[in-house]
Amino acid sequence: MIVAELKPISEIRNMLDRYSSILVVGCDSCVAECAAGGHRETMLLAAALKLSYGKDDKSPVITEACLDRQCVDDFINRIADQVPEHEVILSLGCGAGVQALARVYTDKPIIPALDTLFIGETQMRGVWQENCLGCGQCKLGYFGAVCPVTRCSKKLMNGPCGGSKGGRCEVDNDILCGWDMIIQRLQALGELDRLSEYVPPVDWSTSHSGGPRRVVREDQKP
Amino acid sequence: MKTESRLEKVISAGHFAVTAECGPPKGSDVSVLEQKSKHLKGIVDAVNVTDNQTAIVRMSSVAACAILKQMGIEPVLQMVTRDRNRIALQSDLFGAYALGIRNVLCLTGDHQTFGNQKAAVGVFDLDSIQLVKTVRDMREQGKIIGGEDIQGPPKMFIGAAENPFADPVSWRVVRLAKKIEAGVDFIQTQCIFNLGRFEEFIGQARDMGLTDKVSILAGITPLKGVGMARYMATKVAGMDIPEDVIKRMSGVAKENQADEGIRIAVETIQRVREIKGVAGIHLMAIEWEHKVPEILKAAGLAERPQV
Amino acid sequence: MPVKGASISIMETKPVKIVVYHCRNLQLFKPGEQKIFTRSRPGLSLIAIPCSGKVEAHHLLTTLAGGAQGVLVLACGEKACRYLEGSMRAHKRVDYARWWLQQIGIEPDRVEFVHIPPNDPGALDKFLKEFTFKLESLETIPPVAKIQTG
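Chains A, B and C are the protein sequences, given in the same order.
Everything in the first sequence is counted per the numbering used here, starting at 1 for the first residue and increasing by one.
Everything in the second sequence is counted per the numbering used here, starting at 1 for the first residue and increasing by one.
Everything in the third sequence is counted per the numbering used here, starting at 1 for the first residue and increasing by one.
If you are wondering where the hints come from, they were derived from the structure by calculation, not from laboratory data.
A couple of the hints might just be wrong.
[Said to hold, decoys possible] Below, simulated DSS-like cross-link-like pairs (lysine-lysine); rule was C-alpha separation at most 27 Å, straight line:
no., chain 1, residue 1, chain 2, residue 2
1, A, K55, C, K92
2, C, K129, A, K55
3, A, K55, C, K134
4, B, K69, B, K41
5, A, K165, B, K235
6, B, K69, B, K9
7, C, K14, A, K55
8, A, K165, B, K224
9, B, K291, B, K41
10, C, K126, C, K35
11, A, K7, B, K118
Produce the complete structure using the sequences and hints provided.
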């Protein structure tokens, strides 16, 4: 899912200070899973803002709401009655949610409360790991289902660089060397031969390098 | 002969080749290059010019190579894939060749977080093996990536780096084979202190028939002091400095450590000369270029062949 | 209106609002005793919960934002928790809530995680006295607009 983190409250306050009524909207999908923007985090942030403003002798109207998903109109429309009553929407959605809200509520400023980071997995409670960069040309089958684009800091396609040490990346000892993982997995699967073949330069045009992407399915349209 | 490279001539003629390294200045000060080349001209067969090494901004490698060429030195253009996409890399290869450069060393490059522009994007459009193949296809087919014809194709002598000491160790020889497949002509290794492991690596390469297909130049770095030895052993990725080397450095008084470091370098050179499959050395005396003539003299390599 | 500084006069005129979430498994009060305990301690709210692990960080901040000056979470010992992880989780959540208070610039000591021995309301009483005294020396958190939920 999409993983995000809450911004520091000082940064959120700076963006909000010109408004006197705030609708705080959470999202119970991806960002709830990574404990950044779900209904719990929305209640926490709303309470924190009230305490923070109170300390500065301010009391803007702060209303909480939470959507099942902030990137789909059917859900976004559920706060339609509350939006006009507030000057601004503070969104705890990922970047997709923030922008979808802006597309629907065209006359409202939308402020992001989160920094959206990556597509990833929950490795264990409290630990989220980036594992997909959305290159648009998935070759995971050739690399033992470990992505060389995402898990290698240099997006290498033909094996590890000279900086790999003890299974760790030269950038940070906490980062596992993606190529070490690929080799180990293919070794365990008995498919190491997949790596002797030369991998040619990647076609990045299907990634964001080709411009912001769009998928249209006529069979799915109303 | 595949190219006009002087380095290729030296190796093809069967001489034990000697290359050195030169880091460009952190600016446009040409006098730095003039100073360094004074110690290297005529002393070595070719000089590598690094490409924003450790992601620190320095004068462009192509420009510095062209300047060295003007000074009568045979340059080896180091090219990393970290900073430029395939358009820029291929363009730079055209320009470098036009400026008289005949050798290129294809590298991935240290990650940008190591240097002085940590916020920069890391390009990595190509990896080093893809770059090797690109340079080879330019030379052999006269085409760029995608197949379009080149107007005056560059014909470069192609090098790559190999680190016999990086992990996973079992993988290093496989990766070397891949580089040779892709078109590499010569290899410069990471600096060697662990001779046992290096001999093992060359042995494996020999067994796979790789030493007949590629010229391997053994990396040599003289230690200036025990501090440098410890730093490299712990802080630099892919470095293997055995404990007894560090003991040897620390066992000597501080003012004598530089000489001891040079002694170790000379001994290492003499030992690698005896390993079957080693075609030469790559002497990396960074910011110590003035010691190169002394080291080569002590190792018996001061007379460079006239080819 | 926010009252700053003066502590003694507040103690005499306005009782400090404290909310205590106490784990039922501590069995602090027999039926009817909880009411008697709170009657003689104005400003105190006691809320029994099935396990201290039922409390989450947002409850703690919301309680403060709703007018409490201090919040206590009374829990069984971490190895004694009937639901195994509840007490440990509650402790982490209290720490998290305290971190939040620090970010806002409000005294983290307003929220505390406490181990009280079971069946010992006297221990609670003692702790409350100390806690109240500490809170009285802090600047009062001004009353906040009632929480509206969507």
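Against the earlier hints, flag every one the structure doesn't satisfy and list their numbers going up. none
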